[in-house]
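Colleague: Order-wise, the sequence lines are chains A and B.
Take this note's numbering: the final residue in the first sequence is number 248, and no numbers are missing along the way.
Take this note's numbering: the final residue in the second sequence is number 1128, and no numbers are missing along the way.
Be careful, since some hints might not be right.
[Said to hold, decoys possible] In silico PhoX-like pairs for lysine-lysine, Cα to Cα no more than 25 Å straight-line:
{"hint": "1", "chain 1": "A", "residue 1": "197", "chain 2": "B", "residue 2": "1059"}
{"hint": "2", "chain 1": "A", "residue 1": "204", "chain 2": "B", "residue 2": "1023"}
{"hint": "3", "chain 1": "A", "residue 1": "197", "chain 2": "B", "residue 2": "1057"}
The set of hints was computed from the structure by calculation and includes no laboratory data.
Please read all numbers here as calculations on a predicted model, not as lab measurements.
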Amino acid sequence: MYTFIVESDINNKKFEPELAKIENRLIELDIRGRWEKLTILKSLSETIKDAIQSKSETIVLVGTDKLINNAISTLAEFKTTIGIIPLGEQTFIAQSLGIPHGISACDTLSARITSSLDLGKVNNRYFLSALHVPDCRTLTLNCDNQFQVSTVTPSTIDISNFSEAGNPHDGKLEVIVRPQIEKSLFSFMKKTSYSKKSVFPFKKLTIRSGGDSLPIMADGETIIKTPATIEVVPKRVKIIVGKKRSFK
Amino acid sequence: MAIFKNDTQNSRQSETIIGSSVKVEGNFVGEGNVIIKGQLQGTLKTKNNVNIGPTAKVKANIEAQDIFLAGELHGNIKALGKLQIMSSAKIFGNFETQSLTVEAGASINGKCTMGSEALASEKIEKVK
């Protein structure tokens, strides 16, 4: 049985016509299940646990990357298959997984190509795609207790499972260090550019900042602060992916 | 850069890039290609290829399949396949390789052991 969980931001009049079309297309494809529409009062974690207790074999997340990031820590604890119907803005995770936006995602669900993917874990919280540490002045990265990376110039850090670099089947994550270079000619505009990036694949990474704690962000939201330990959890979730995914 | 041009084009392959804005210290053991444009101190061992760019400053012993060297290296090299030394390269250390290419202008300060002799000297060292 399927359970469809609709993000609270999607659960409004703007998306009603598209949600109706999706429901009709799913009926055409003979994909039936229970619909759960999230509200401020309805916890995502409890909704997932309820779905699993009622023997739901596939949980379909309907919404943006925010819903996926918030759901993944709970879903990682169970062996249920995850489906995604991307709706709204910020659906980069679905894009990397090769899942088309909106109603077309129903056909991806129907084709049911499943893939067991690695997850990242930061201080006991799981993430699927990527993390971001903005504007680091001095930072030390310890990779796999083997070598240490120090930044020479102010940089930004991205931890990627598959969003930009890496492959979610290789049992590794990638840390990408980008130096910030202020353009001197129009410095009053405070625009920064990124070049000379460094990339290190790792299984376990410890991030320490020289001065104050720095935020570690997923989908624009701070989820934790440095110091932090990030590690890969191989093949932790089974997800329905599309043919045009960014990895093999 | 022809030494592993095709591999570097594949962004989904596990590949390490040490950019010019970072400093790496320790023992790096990997399986993929490694591109060095910044600073490295310690040891580096990979089953694949190593590319040391002209801006790189390396103080490390390196073991890899093919090695392309255009920067500064203080340490010993063991290339199980090819070693390509470019005109901008400066080596302060010994190197072992099966196949060697040196461009005019390269600075080499060390002993070179090649082909079967490299393997023979390794066996003698193991017996000792």
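Colleague: Each hint needs a verdict: does it hold in this structure or not?
Modeller: Results of checking the hints against the structure:
no.: 1; hint: A/197 x B/1059; result: 21 Å, holds
no.: 2; hint: A/204 x B/1023; result: 19 Å, holds
no.: 3; hint: A/197 x B/1057; result: 17 Å, holds
Comparing the model with each earlier hint shows no violations; every hint is respected.
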